[in-house]
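Q: Chain residues, written in single-letter form:
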Amino acid sequence: MKRVELRPAWVPGLLLLLLAACTGDSALPAATGNTPRAPGEKCAGHDPLRQPFFGDLHVHTKYSLDASTQGTLVGPHEAYRYALGERLGIQPYNEAGEPLRYSQLARPLDFAAVTDHAELFGETEICTNPELEGYNSPECLFYRASPAQAFIAFNFLGPGLTSVGGLPIPRLPYCGVGGERCIEAAKTPWRDIQQAAAAYNDSSGDCRFTAFVGYEFTASPLSNNLHRNVIFRSEVVPEIPPAYQEYPAPELLWQALAEQCKAGQGCNVLTIPHNSNLSGGLMFQTQDRNGAAYSAEFAQSRQDNEPLAEIYQHKGQSECLGTAGAGLADEQCGFELLPYRNFTGSQVSPEVSGAPLEQDFLRAALKEGLRLEQGLGANPFKYGLIGSSDTHLGTPGNVAEIGYPGHGGAGGSARNEVPPGLSDRVENSPGGLAVLWAEENSRDALFAAMRRREAYGTSGTRPVVRFFGGAGLPADLCGKSDFVAQGYAQGVTMGGDLAKPGSGARPRFAVAALRDPGVGIEVASPLQRIQIVKGWVGADGSTQEKVYEVAGNADNGAGVDLSSCEPTGSGYASLCTVWEDPDFDAAQPAFWYARVLENPSCRWATRQCLAAAVDCANPDAVPADYADCCNADYPKTIQERAWTSPIWYRPASP
Amino acid sequence: MKLRAVLSAPALHFLLLGALLHGGEQWWQARQLPEPIVVSADDRARLRRDWRAETGRWPTAAELAASEQRWLDEEVLLAEALRLGLDRSDPVVRQRLLQNLRFALVDEVIDEPALLDQAQALRMPEQDLVVRRRLIQRMEQRLLQDVRIDEAELRRYVARHAGRYAGGGQLDYRQIYFSRDRPGGDAAAQAGQALARLRAGAEPAGQGDPLLVADRAASAEQLQRRYGAAFAQALEQAAVGDWIGPLETVYGWHLLQLRGRIAAPAPDFETLRQRAAYAWLAEQEPALLRQRLRPLRQRYGLTEAGRS
Numbered sequence: 000m001k002r003v004e005l006r007p008a009w010v011p012g013l014l015l016l017l018l019a020a021c022t023g024d025s026a027l028p029a030a031t032g033n034t035p036r037a038p039g040e041k042c043a044g045h046d047p048l049r050q051p052f053f054g055d056l057h058v059h060t061k062y063s064l065d066a067s068t069q070g071t072l073v074g075p076h077e078a079y080r081y082a083l084g085e086r087l088g089i090q091p092y093n094e095a096g097e098p099l100r101y102s103q104l105a106r107p108l109d110f111a112a113v114t115d116h117a118e119l120f121g122e123t124e125i126c127t128n129p130e131l132e133g134y135n136s137p138e139c140l141f142y143r144a145s146p147a148q149a150f151i152a153f154n155f156l157g158p159g160l161t162s163v164g165g166l167p168i169p170r171l172p173y174c175g176v177g178g179e180r181c182i183e184a185a186k187t188p189w190r191d192i193q194q195a196a197a198a199y200n201d202s203s204g205d206c207r208f209t210a211f212v213g214y215e216f217t218a219s220p221l222s223n224n225l226h227r228n229v230i231f232r233s234e235v236v237p238e239i240p241p242a243y244q245e246y247p248a249p250e251l252l253w254q255a256l257a258e259q260c261k262a263g264q265g266c267n268v269l270t271i272p273h274n275s276n277l278s279g280g281l282m283f284q285t286q287d288r289n290g291a292a293y294s295a296e297f298a299q300s301r302q303d304n305e306p307l308a309e310i311y312q313h314k315g316q317s318e319c320l321g322t323a324g325a326g327l328a329d330e331q332c333g334f335e336l337l338p339y340r341n342f343t344g345s346q347v348s349p350e351v352s353g354a355p356l357e358q359d360f361l362r363a364a365l366k367e368g369l370r371l372e373q374g375l376g377a378n379p380f381k382y383g384l385i386g387s388s389d390t391h392l393g394t395p396g397n398v399a400e401i402g403y404p405g406h407g408g409a410g411g412s413a414r415n416e417v418p419p420g421l422s423d424r425v426e427n428s429p430g431g432l433a434v435l436w437a438e439e440n441s442r443d444a445l446f447a448a449m450r451r452r453e454a455y456g457t458s459g460t461r462p463v464v465r466f467f468g469g470a471g472l473p474a475d476l477c478g479k480s481d482f483v484a485q486g487y488a489q490g491v492t493m494g495g496d497l498a499k500p501g502s503g504a505r506p507r508f509a510v511a512a513l514r515d516p517g518v519g520i521e522v523a524s525p526l527q528r529i530q531i532v533k534g535w536v537g538a539d540g541s542t543q544e545k546v547y548e549v550a551g552n553a554d555n556g557a558g559v560d561l562s563s564c565e566p567t568g569s570g571y572a573s574l575c576t577v578w579e580d581p582d583f584d585a586a587q588p589a590f591w592y593a594r595v596l597e598n599p600s601c602r603w604a605t606r607q608c609l610a611a612a613v614d615c616a617n618p619d620a621v622p623a624d625y626a627d628c629c630n631a632d633y634p635k636t637i638q639e640r641a642w643t644s645p646i647w648y649r650p651a652s653p
Numbered sequence: 000m001k002l003r004a005v006l007s008a009p010a011l012h013f014l015l016l017g018a019l020l021h022g023g024e025q026w027w028q029a030r031q032l033p034e035p036i037v038v039s040a041d042d043r044a045r046l047r048r049d050w051r052a053e054t055g056r057w058p059t060a061a062e063l064a065a066s067e068q069r070w071l072d073e074e075v076l077l078a079e080a081l082r083l084g085l086d087r088s089d090p091v092v093r094q095r096l097l098q099n100l101r102f103a104l105v106d107e108v109i110d111e112p113a114l115l116d117q118a119q120a121l122r123m124p125e126q127d128l129v130v131r132r133r134l135i136q137r138m139e140q141r142l143l144q145d146v147r148i149d150e151a152e153l154r155r156y157v158a159r160h161a162g163r164y165a166g167g168g169q170l171d172y173r174q175i176y177f178s179r180d181r182p183g184g185d186a187a188a189q190a191g192q193a194l195a196r197l198r199a200g201a202e203p204a205g206q207g208d209p210l211l212v213a214d215r216a217a218s219a220e221q222l223q224r225r226y227g228a229a230f231a232q233a234l235e236q237a238a239v240g241d242w243i244g245p246l247e248t249v250y251g252w253h254l255l256q257l258r259g260r261i262a263a264p265a266p267d268f269e270t271l272r273q274r275a276a277y278a279w280l281a282e283q284e285p286a287l288l289r290q291r292l293r294p295l296r297q298r299y300g301l302t303e304a305g306r307s
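These protein sequences, in sequence, are chains C and L.
Under numbering that gives the first Met the number 0, the residues of the first sequence are numbered 0 to 653, in order.
Under numbering that gives the first Met the number 0, the residues of the second sequence are numbered 0 to 307, in order.
Next up, chain C with everything else stripped away, as it sits in the complex (with noise of 0.2 angstroms):
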């Protein structure tokens, strides 16, 4: 008998002609690299004290509407192969179907899950998500004012009606309807996106790459992004996606997805908050969708479904706004970030959706959590950090500032030319990377550290950060060659909870950190600096946080010549320090993260205005499209960066 597995959720037709297409005459062959593994079997590269693995959990393709009104045709196949290495046509097309641009990794991502917008019905989401073209169109205001008759309008009183907004009848939509289940064997895309994951996740022994099935709940109430990605450890996921229509609070998302993806039956789930930044205020509010305040059992739920959050992505950091408190004096929160508090800010304009709000930043909320498990005894926001692209174009894991196509998720529609000047918005970005320490790449082993929150974000490059906290770590642990083997002996890694320190003992944290070389246009900085960011909460129930420098130079005089975008000045080709925390108190909670600094390169727009000579002495002749080159107010050079998930501490119960 041959091995073909059962997938539950799919379409049985399929699986017959696979079985039809067995022949049931050989054996079946002895375990090699490239055999499947059978349940609990290592992969071949298996390393107890883990490796880190470089992936992309946000990526849309045409299955997304927003992408599909923008040209995109690639599909989940396409993306999966993209993460592979492999070279993809993209965005806009000719007539005869052929991409005008082409785009390649210079480096193959480890993993990656499509995570298409779920939401049923694209047109009414073109009116209802401010991150579309349209929404702003006469139909959809009178589609919000008067949703009901806009509805009756649109339905009975359009002549040949076959467009929204001016949009195109955008094609494959969802299957399903207000909860209706799919139970016909209909070509849908949550059926593609399940069997593009299967085609490419690598079930041998071999491990080479993993994709996770996955999608997002798009909820964005009044055009404030309460957006999560849903991961699922498995090929067991629920029919239909559950979505914002039908589940209109991620707290009732929550609740749908522990109905329909149970355990027992082999269905595991996460989800992943991302543009908390965008929020509007609400990504961390401290009350439930009815107004109540948190209950020990919802902050621990919280916490139990979301373990990570995305600090970084194509739209902004959401690290930290630092215009309140100690936050003030960190100047790297000024880090790409977007000068509005919600999609309206790039739809309209930055005055309309006002500035950005400090308690819609990870670090606040991470303080706030602190606070909030002081009362409750569970914290609602522990989360660990990862980054990613959203990507619009179906090309994971395309963060390189230099070649960046934009990422269409707020741009211009491309269908049919590549538009001429930036390729992207000022203020947007090439994205982030998802970083998973695990001991191999399998979907069981990077589902296992994205719980344990043993994971950390880049802003695109590829640096490799472990982060240890324990009293009893060495104090000379750095050069020796078991750092990582005394660091899990001897204390917690990253995500992890600190053990109370003995009487009078300060816990150390050891980070050690090794640059990204850079491949191709992938290219790299060396390190500037290791800072350590630790938020608590004081005696007197505020909360606080300092930064710490730890180990690099801050004053490297390291720098860009933003006349060729080449750099100036030496950096660190790895750091590695044990620091002890002066401040250590151990009747207040805390936590602790590492953000690890590159010197200083060109960003992608200055490269961009770099190419076309772009003169800003001379206003006249800066073409429209490229006006941005001269804007001052964002900046022309990044530090990439990581930022590690945290290390808690919480006192024992008085």
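The hints are simulated quantities; they were obtained by calculation from the structure and are not laboratory data.
In this text the structure is predicted, and so the values were computed from the model without any measurement.
Incorrect hints may appear among the rest.
Pulled from the structure, derived: some chain C residues nowhere near chain L, Cβ distances all over 12 angstroms [claimed, not checked]: (1) A295; (2) T322; (3) S422; (4) V464; (5) L497; (6) D515; (7) G540.
Using 20 angstroms as the maximum straight-line C-alpha spacing, the simulated EDC-like pairs for lysine to aspartate or glutamate come out as follows [stated by the list, open to error]: (8) C/K41 <-> L/D171; (9) C/K41 <-> L/D267; (10) C/K479 <-> L/E202.
Where a beta carbon is used, it is the ideal one built from N, C-alpha and C, also for glycine.
Using the hints provided, position chain L relative to the given structure of chain C.
A: Frame of chain C; chain L shown alone:
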């Protein structure tokens, strides 16, 4: 009473009967030979407007022609879906149509079949965007539902994509690393001295500096990701057992010993069957769909003319 007189007039009955027969005949004929689908001047103007709305410019003649053909495909699929009654049987379409009508006819209680009749009379399946797309999608799926995956073809597919399914061979190696920042200065010279000692038979243990990533057998491509191209290339060209170097990378200097080459195993077809089948299907579907649309297009009076 006038009304009753009119209603009972045989002439009216005759007319009604005639109309019914005429209508029935038309309907029957329509069933036999569907009305040809054509691109009207209005359609063409709309497609041009859509194009402009989307791209900000008017389409070229070739682009407009491609756009028309795509639209005709959709119209054919939609007409077939309606002919097969999918608007009655598909649960998603049914629910959407009922939902629409209950919005409109909020106070009237009408049973589902009557509501669906009304939806059809209003040509709602053609006009409602969600229903339309769903019906087109269902038809596409019907056209593709009996695709058979030929074992030999699938094996050829796997062979053609050997890189994807089996990867390259691996290099098993070890290294001694000398950090650029190591105390005592001149890491390159220290590496050179260590190499001389190794070649003279010294043990590698205890020499050099620790690296944050462990050495394990890896493909040349994976080594390039971590250490850069020169590192991977040096190992690929090394003789097994020899210590080579010092090789410079961004990290410092490396002494490398290739311990062995692990050949890439041939793709194991049994393991890959399902993965490859999904990939193959996804690649074949557009061409298969075009092929299977051809007789349908003919049925609706369309040829392949104008297709690019």
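Q: Output the numbers, in ascending order, of every earlier hint that fails for this structure.
A: Hint check: 4 and 6 fail, others pass.
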